[in-house]
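Could you put together the complete structure from these sequences and hints?
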Amino acid sequence: MGANVGARAGVFAGWASTEVVAMPDRDEVDVGVRGARRGIAVVVLATGGYLAVLWLLAAVAAGILRGV
Amino acid sequence: MAVFRPGADDLRLIGYQLGKVATGLSLLMAVPAVVAVVLGEWNAATALVVGAGICVTFGQLSEWRLRTSKPLTWSHGTVVVALAWLVGSALAAIPFLLSGHTGNLLDAWFEAMSGLTTSGLSVIQDLDHLSYSMNLYRHLTHFAGGQGIVIVVLAVLASGSGAGMLYVAEGREDRILPNIVRTARFIFMVAAVYLVVGTIALYGTLHLAGLGGWRGLWHAVNLFVAAFDTGGFTPTSQSIGYYHSATVEVVLLVLMVAGTMSFALHYHLWAGRFRELTRNLEVRSLLVTATVLGTLTLFGLARSGVQSSAAGLYRKGIFTLLSAHTGTGFAVNAGGLIVSDWGVLAPAAIVLAMGLGGMAGSTAGGVKALRVGITAKAIAHDIRRILLPDGAVAVTTYHAGHKRILRDQVARSATTVLLLYVATYLAGALVALLYGRWEASEALFESVSAAANVGLSVGIVDPSMPRLLQVTYILQMWVGRLEFVAAFALVGYLVAVVRGRR
Numbered sequence: 001m002g003a004n005v006g007a008r009a010g011v012f013a014g015w016a017s018t019e020v021v022a023m024p025d026r027d028e029v030d031v032g033v034r035g036a037r038r039g040i041a042v043v044v045l046a047t048g049g050y051l052a053v054l055w056l057l058a059a060v061a062a063g064i065l066r067g068v
Numbered sequence: 001m002a003v004f005r006p007g008a009d010d011l012r013l014i015g016y017q018l019g020k021v022a023t024g025l026s027l028l029m030a031v032p033a034v035v036a037v038v039l040g041e042w043n044a045a046t047a048l049v050v051g052a053g054i055c056v057t058f059g060q061l062s063e064w065r066l067r068t069s070k071p072l073t074w075s076h077g078t079v080v081v082a083l084a085w086l087v088g089s090a091l092a093a094i095p096f097l098l099s100g101h102t103g104n105l106l107d108a109w110f111e112a113m114s115g116l117t118t119s120g121l122s123v124i125q126d127l128d129h130l131s132y133s134m135n136l137y138r139h140l141t142h143f144a145g146g147q148g149i150v151i152v153v154l155a156v157l158a159s160g161s162g163a164g165m166l167y168v169a170e171g172r173e174d175r176i177l178p179n180i181v182r183t184a185r186f187i188f189m190v191a192a193v194y195l196v197v198g199t200i201a202l203y204g205t206l207h208l209a210g211l212g213g214w215r216g217l218w219h220a221v222n223l224f225v226a227a228f229d230t231g232g233f234t235p236t237s238q239s240i241g242y243y244h245s246a247t248v249e250v251v252l253l254v255l256m257v258a259g260t261m262s263f264a265l266h267y268h269l270w271a272g273r274f275r276e277l278t279r280n281l282e283v284r285s286l287l288v289t290a291t292v293l294g295t296l297t298l299f300g301l302a303r304s305g306v307q308s309s310a311a312g313l314y315r316k317g318i319f320t321l322l323s324a325h326t327g328t329g330f331a332v333n334a335g336g337l338i339v340s341d342w343g344v345l346a347p348a349a350i351v352l353a354m355g356l357g358g359m360a361g362s363t364a365g366g367v368k369a370l371r372v373g374i375t376a377k378a379i380a381h382d383i384r385r386i387l388l389p390d391g392a393v394a395v396t397t398y399h400a401g402h403k404r405i406l407r408d409q410v411a412r413s414a415t416t417v418l419l420l421y422v423a424t425y426l427a428g429a430l431v432a433l434l435y436g437r438w439e440a441s442e443a444l445f446e447s448v449s450a451a452a453n454v455g456l457s458v459g460i461v462d463p464s465m466p467r468l469l470q471v472t473y474i475l476q477m478w479v480g481r482l483e484f485v486a487a488f489a490l491v492g493y494l495v496a497v498v499r500g501r502r
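Protein chains in written order, with our numbering: chain S, 1 to 68; chain X, 1 to 502.
These aren't lab readings, by the way, just hints derived from the structure by calculation.
Each hint should be verified, as a subset may be incorrect.
Claimed, not checked - Listed next, with one range per pair, are the computed distances between beta-carbon atoms:
(1) X:65 - S:52: 53 to 61 Å
(2) S:45 - X:497: 49 to 57 Å
(3) X:236 - S:45: 25 to 33 Å
(4) S:45 - X:344: 31 to 39 Å
To be verified - Which chain X residues stay away from chain S? Per the calculated CB distances, all over 12 Å, these:
(5) 7
(6) 12
(7) 37
(8) 40
(9) 68
(10) 128
(11) 212
(12) 244
(13) 468
(14) 496
(15) 501
Quick reminder that beta carbons are idealized off the backbone N, C-alpha and C, glycines included.
Structure (C-alpha cells):
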C-alpha cells in the first residue's frame, strides 16, 4: 500500500508515472539522525568515487590528445 | 466510448483545490518579501507583497465560495495537478512582472514556469542587478516546484482530511492520510538535511574562492536550492563560470547527483539498505549512460582542441555533461560555445544526456533512467524470446526497491513515454527552425533543454526571442514536468466539458 500511495504522490507532484515511484510505508519513514548521516555519507562517497573514475577518463583523453 | 460531462460540483472541487495551491504560493512569496523588507529593497518587497496578496485573495475566495466536501477522484486529482502548474506559474509570475526585470507578462510567465518546473532557462533582463530578495524568490520557485507544488501545500496545510485527499484516487482509505503526510514530510526532511549540509559545504568552498560573508551565504543558499532541486537558476548571468572555482564545481556535482537520485533511493540508503545502490535498475542505467556519454564528451572535446589538459576537459566536459544528465543546467562557459566550438560529438552527447535525464521520483526531467533501463531490458527480453524454443517461458526481472517482473504493460508504458519525449524534443526544434535564424543543432539543443527541464542554453532563449517559440518552450517545460499523462488528462477533461454527455 505504501508504494501505491507514494506512486500516486509522485504522479500528483508531477515527478513520475505510477510504476516508477516506490516510497516507504508509514511505519518505516522514521530513519533518524543516524540514517540521515549514513545516507548522505554513502551518497558523497559513491559520487566522489564515480567522479574520480571520470577524472581518470579525462586524464586518458588528455593523454591520447598529447599522443601518449 | 461515451464521455461524461463533468458537473458544476466537479469544477467547484477543482477550483477549491487550486485555491489551496495559490495559498501555498503566497507562503512561498512571503519568505523573500521578509528578506526584501529587512534589506530595504522596497520595489521587490512591493512586488512580492502584491503577488502574495493576489494569491491569498484567490485562495481565500476559493475557500469561501468553492469549499466542498465532495471526494476527490483520480481524474479530479490529475486535472488539478495539470492546472496547478499552469495556474500556479501564472500566479508565481506576478512578482517577476512587477519587478521591472521582465519585458512583458509572457516573459514573467516563462520565468515562473522555468523556475517551478526546475528547468532553469531564464529571460530575466539585467540579472546581475536583480535585487537579492527577487533573486532568492527565483530560486525558491525551484524549491517549490522541485518538491512539488501539491506536496508543498500538502505538507504545510494538511491538517485533516482536506489536502491529503488529493493523493487518494478513490478517497476511501482513511488510514492512507497519515501515510501520505509522513511520506511528504520524509521528502522534506531529506531536502532540509541536505540544505544544511550542502549550504555549509558550498559556503566553505565559496569562502575559499573569495566570496565570504553574508553574500557568500546568500550565494550558497541559492546555489544549493538550484543544484539539489536540479533547477539551474544562478544568482549571476555567468552561471557557475562566475565563481572560477574547481572546489565549488565539485561540491555542486555531488549535490546535483544527490538531487537527481529518487527520494525512494534516498530512503533506502537512509534506512541502511546500501545494496540498493548497486542493484537498482535506475542507478545502473544512469551509471552506464553517464559513463558512455561522459566518454564521448571527453573525447569529442579533446578532438575539438578547445581543451587539452585533463583538468580543463574535466571541468568543462564532465561538469557540463553531468549538469545536463542530472537535469540541472548549470553552465561553466557560454552556452553558444558548446555548439560552435566543441565539435560535433561532445554537443551530441550532451543533448542525449539532457534528453535521457535523471531518475524517476526525483526533481530531474527527461525520459528518466528507469524508462531507459526498462526499454533496454524489454529489447533484451524480446531477443531472448526469439532465440528460445517455442513454448519456453521467458521471464525478465529488474530491481527497483525490490525485485519486479518486467511486464508487457510496464515496458509499453516506458517506451510510449520515451517516444512522446522524442516527439516533443523534435516538435520544439521544428518550431525554432521555422524562423530560419538557428542551425538544426542549436534548435534541437534548446528544445531538448526545455522539454527535459534542464536549462542549458545555446542562446536562443533570451528576452528578445520570438513569442511563438517562447510559448512553445513554456508548453514543453509543462508537459515535460508532467510527463504527458496529466497534460493529456486535462485535454480530455476539457473535451468532456465541451462535448461530454450528461
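Here's how the hints hold up against the structure:
1. Between residue 65 (chain X) and residue 52 (chain S) the CB atoms are about 59 Å apart, so this pair conforms to the stated range of 53 to 61 Å.
2. Distance hint for residue 45 (chain S) and residue 497 (chain X): a CB-CB separation of about 53 Å, consistent with the stated range 49 to 57 Å.
3. Roughly 31 Å separates the CB atoms of residue 236 (chain X) and residue 45 (chain S), a value that falls within the hinted 25 to 33 Å.
4. Checked against the given bound of 31 to 39 Å, the beta carbons of residue 45 (chain S) and residue 344 (chain X), roughly 36 Å apart, stay inside it.
5. At the 12 Å boundary, the C-beta of residue 7 (chain X) stays outside the reach of chain S, the nearest C-beta of that chain being 22 Å off.
6. Residue-level check passed: residue 12 (chain X) sits 19 Å from the nearest beta carbon of chain S, beyond 12 Å.
7. Remark: the non-interface label on residue 37 (chain X) is consistent with the geometry, its nearest Cβ contact in chain S lying 31 Å away (cut-off 12 Å).
8. The Cβ of residue 40 (chain X) lies farther than 12 Å from every Cβ of chain S, with a closest approach of about 36 Å, so its non-interface assignment holds.
9. Listed as a non-interface residue, residue 68 (chain X) keeps its Cβ farther than 12 Å from every Cβ of chain S; the least gap is roughly 19 Å.
10. Every Cβ of chain S is farther than 12 Å from the Cβ of residue 128 (chain X); the closest lies at roughly 30 Å, confirming the non-interface assignment.
11. The claim that residue 212 (chain X) lies off the interface holds: its Cβ sits roughly 23 Å from the closest Cβ of chain S, which is beyond the 12 Å cut-off.
12. Interface exclusion of residue 244 (chain X) from chain S stands, the closest Cβ pair being 19 Å apart, more than 12 Å.
13. At roughly 25 Å, the least C-beta separation between residue 468 (chain X) and chain S is larger than 12 Å, which holds for a residue marked as non-interface.
14. Distance to chain S confirms residue 496 (chain X) as a non-interface residue, since its nearest Cβ pair spans about 20 Å, more than 12 Å.
15. For residue 501 (chain X), the requirement that its beta carbon stay farther than 12 Å from each beta carbon of chain S is met, with the minimum near 27 Å.
Against the hints set out earlier in the document, no violation occurs for any number.
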